[in-house]
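From first to last, the protein sequence lines stand for chains D and Z. Number 53 in this note's numbering belongs to position 25 of the first sequence; there are no gaps in the numbering. Number 214 in this note's numbering belongs to position 221 of the second sequence; there are no gaps in the numbering.
Don't read these hints as lab results, they were simulated from the structure. Treat the hints loosely; a few may be bogus.
Computed spacing ranges between beta-carbons, pair by pair [to be verified]:
1) D:Gly229 - Z:Tyr521: 55 to 63 Å
2) D:Glu174 - Z:Pro443: 44 to 52 Å
3) D:Pro108 - Z:Ser53: 34 to 42 Å
4) D:Gln45 - Z:Arg512: 30 to 38 Å
5) D:Pro108 - Z:Pro443: 29 to 37 Å
6) Z:Asp341 - D:Glu34: 35 to 43 Å
7) D:Ala111 - Z:Asp80: 20 to 28 Å
8) D:His115 - Z:Gln141: 40 to 48 Å
9) Z:Glu238 - D:Gly49: 53 to 61 Å
10) D:Glu174 - Z:Gln219: 19 to 27 Å
11) D:Asp117 - Z:Pro443: 30 to 38 Å
12) Z:Ala74 - D:Ala111: 29 to 37 Å
Keep in mind it's a predicted model, so treat the numbers as computed, not measured. From the three backbone atoms N, C-alpha and C, an ideal C-beta is built for every residue, glycine too.
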Amino acid sequence: MEGAVEFDLTINGQCAQAHAGMTVVEAAWRNGVPRVRGVGCLEGVCGSCRILLRHDGEVTVALACQTFVQPGMEVVFLPPQSAPRHHYDIDEFEDSWSIQSRFHEIFPEAARCRHCHGCVVSCPKGIKVEEAIMLAATGRFRDAGEMFFECVMCELCDNACPEQIAPAHVGLFCRRITAHFHLRPPNLIHRLEELRQSKQGRGSHD
Amino acid sequence: MTRATQAISLAEARARYQPDAELAPLPAMIDPDTLLAAFHPDHLRGSVVKLVIGANAGDSCQHELADLLQAEAVIDEADLAGTPVTDCDVLVIGGGGAGCAAALAAAERGASVILATKLRLGDSNTVMAEGGIQAAIEPEDSLQRHVQDTLRGGHHAGDPALVAAMVEDGPDVIRWLIRQGMQFEQTAGGNLHTRKAGGLSTARIVHCRDYTGLEMMRVLREAVIQHRAIEVWEQSPAIELLSNERGQKCVGAVLSSLADGRLRIVRTRSVILATGGIGRLHLNGFPTSNHLGATGDGLVLAYRIGAKLRDLDSFQYHPTGLVYPPHLSGKLVTEGVRAAGALLLNADGQRFVDELAPRDVVSAAILREVRAGRGIRSPRLDKERYGVWLDTPRLERAQPGLLERQFPKLLGRTRGAGLDPRVDPLLVHPTLHYQNGGAVIDVDGATTVPGLYAVGEVSGGIHGRNRIMGNALLEIIGFGRRAGVAAISDRDRGPKKVTLEHVNRMRRALTLAGMPMMRKAPQVLPPYAGGVWGR
Chain D
29 MEGAVEFDLT INGQCAQAHA GMTVVEAAWR NGVPRVRGVG CLEGVCGSCR
79 ILLRHDGEVT VALACQTFVQ PGMEVVFLPP QSAPRHHYDI DEFEDSWSIQ
129 SRFHEIFPEA ARCRHCHGCV VSCPKGIKVE EAIMLAATGR FRDAGEMFFE
179 CVMCELCDNA CPEQIAPAHV GLFCRRITAH FHLRPPNLIH RLEELRQSKQ
229 GRGSHD
Chain Z
-6 MTRATQAISL AEARARYQPD AELAPLPAMI DPDTLLAAFH PDHLRGSVVK
44 LVIGANAGDS CQHELADLLQ AEAVIDEADL AGTPVTDCDV LVIGGGGAGC
94 AAALAAAERG ASVILATKLR LGDSNTVMAE GGIQAAIEPE DSLQRHVQDT
144 LRGGHHAGDP ALVAAMVEDG PDVIRWLIRQ GMQFEQTAGG NLHTRKAGGL
194 STARIVHCRD YTGLEMMRVL REAVIQHRAI EVWEQSPAIE LLSNERGQKC
244 VGAVLSSLAD GRLRIVRTRS VILATGGIGR LHLNGFPTSN HLGATGDGLV
294 LAYRIGAKLR DLDSFQYHPT GLVYPPHLSG KLVTEGVRAA GALLLNADGQ
344 RFVDELAPRD VVSAAILREV RAGRGIRSPR LDKERYGVWL DTPRLERAQP
394 GLLERQFPKL LGRTRGAGLD PRVDPLLVHP TLHYQNGGAV IDVDGATTVP
444 GLYAVGEVSG GIHGRNRIMG NALLEIIGFG RRAGVAAISD RDRGPKKVTL
494 EHVNRMRRAL TLAGMPMMRK APQVLPPYAG GVWGR
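Just need the whole structure built from these sequences, with the hints factored in.
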């Protein structure tokens, strides 16, 4: 790799030099580019280093730490995610029978997907977002949540959605509700019961 | 760092590698203490110095950290004039798992909470944790065994009362996480699936495939931002704590803004430090698995206000950090892969250590192989790196489909670089992973300074001198919740006056000791990422 060929690209409007094999983050640091926001884990799981890319006439979004530089690429680091628009308290759900009706109250837009595909093309993890939202809107929360398994909450899909569905938050809702209401593991419950009894037993001897 | 003269190149080693090659039996193990003394980075000559000032004067400390602990503050009283003040019951500093658990516990009990974090909420080491979380829930397991494994793994340097508190919380921590909406891997019968790991006497690690930390963090982040009583301040690093007139109680903090550099004061009854570790100080020149924000800020702030710290000369170098591809340098391959049966092989294609020995022992053994010239050399533009093989293709042959089923994160990460662990062995080398010590705490997470709590990696005493897998995620939630509860039980009416008296005290000590006043801390961001104070 000695003497690898350097080439130019643009990051946040500034000209930068890099060589093949570098990520956009590495190139930004090396060139001292200002306004490089949200670099965190450097391994594609914190979902913070969101960028807009223009290359070969195509505009896409991606995570900077997982994107390799290419000659002539134009990169802009995107601002941080905005505050969520949908609010719920998982402890306020009466029981699991009411989840679907509550879901439509909390995420009314989810049933209005117009299948523009914006969420799917913007997902850096290749999640079939549109399909998963369809499942959620029909009450298939476990299956929908499973499709979001690799979601890193970069929320690029939320930015892309013209109906403001907030797909990443819908996906997380599906996963949370599934665990909250349906994950009841016998080995854990048994150990908790044993501990409760031994605590009670200890208490009576005091 | 490690040097090797006759190491073979990556290309040559790859050409030689055969997933079905016959392996000689594991050579007899030398005494672990001898191995550690000779090869573990904690024992490198010149890496440790004695602290001169502060609550730990006379104690051993890694020199990179000592430079920061004995540095000047970045602000003084003049900077506070006209700075806006916000009041709240509890200020949590740090937005990883420990900070979120503490904030939720305090808010659930009616407190008003501000959670300030350097980067984005959830941008932390928690989100990267892969392996899982320990909880003694299997029938053959017990709290006692969990305590024993933890103390033994930490070379009996841990505080038994803290370990017992953490272990006792285990099963209820899992229940609480499920209640927040976190999913875990289950067996066909619905039990939580458990794994064994290095230093564990039985299977005790519950997990969400190899995305345990991501699953935990995205759930806790959502729970925090959905909670009405918690206000989240992102891009807001803490640059100093505030003390009362006598400099003896913590009554708030000064936060900066990465966006515009402006300062804000938070005045409060209790401050909970949940700032994580020090990987980005790159101790002894090692790469790190840590998040970009892991610059030891919490230790610096705690030390300056007078908190006692411990085990500042003990750090964990995780055995299997990636060497190649270069953009993932130092990033982890979870111990779960070795727990599932993957072997470590040197350049001769032979085993050299029990892969499930404690992490410090395995790391020392890898460093020995590299130093003895039995490592594999990976070329980089800046410097050469060395490693040994983690034999994932052999694991795939023994248990087809396992890697895809259980380790999707590993496969996804290497895919971008054209590497497939099912076919290609992975080049690994120890990577700076965890700060074993930290602020001295009690079972409520209270430090030696009234009003100041420390939870998670910034605290010390639980893991002794070596942490075993799965105890970090347990500790952050267990102690996070404990501190969240304790922080609001304080009947104190809150501060009347906030000062930098402790900063003045430290400055006097630095002057009296004739120490240099040039360096300022906390660092906030590593210099290669632009730093903060040099701008």
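Results for each hint:
{"no.": "1", "hint": "D:Gly229 - Z:Tyr521: 55 to 63 Å", "verdict": "holds, 57 Å"}
{"no.": "2", "hint": "D:Glu174 - Z:Pro443: 44 to 52 Å", "verdict": "holds, 48 Å"}
{"no.": "3", "hint": "D:Pro108 - Z:Ser53: 34 to 42 Å", "verdict": "holds, 40 Å"}
{"no.": "4", "hint": "D:Gln45 - Z:Arg512: 30 to 38 Å", "verdict": "holds, 31 Å"}
{"no.": "5", "hint": "D:Pro108 - Z:Pro443: 29 to 37 Å", "verdict": "holds, 35 Å"}
{"no.": "6", "hint": "Z:Asp341 - D:Glu34: 35 to 43 Å", "verdict": "holds, 38 Å"}
{"no.": "7", "hint": "D:Ala111 - Z:Asp80: 20 to 28 Å", "verdict": "holds, 22 Å"}
{"no.": "8", "hint": "D:His115 - Z:Gln141: 40 to 48 Å", "verdict": "holds, 45 Å"}
{"no.": "9", "hint": "Z:Glu238 - D:Gly49: 53 to 61 Å", "verdict": "holds, 56 Å"}
{"no.": "10", "hint": "D:Glu174 - Z:Gln219: 19 to 27 Å", "verdict": "holds, 22 Å"}
{"no.": "11", "hint": "D:Asp117 - Z:Pro443: 30 to 38 Å", "verdict": "holds, 34 Å"}
{"no.": "12", "hint": "Z:Ala74 - D:Ala111: 29 to 37 Å", "verdict": "holds, 31 Å"}
Violated hints for the displayed structure: none, as all numbered hints are satisfied.
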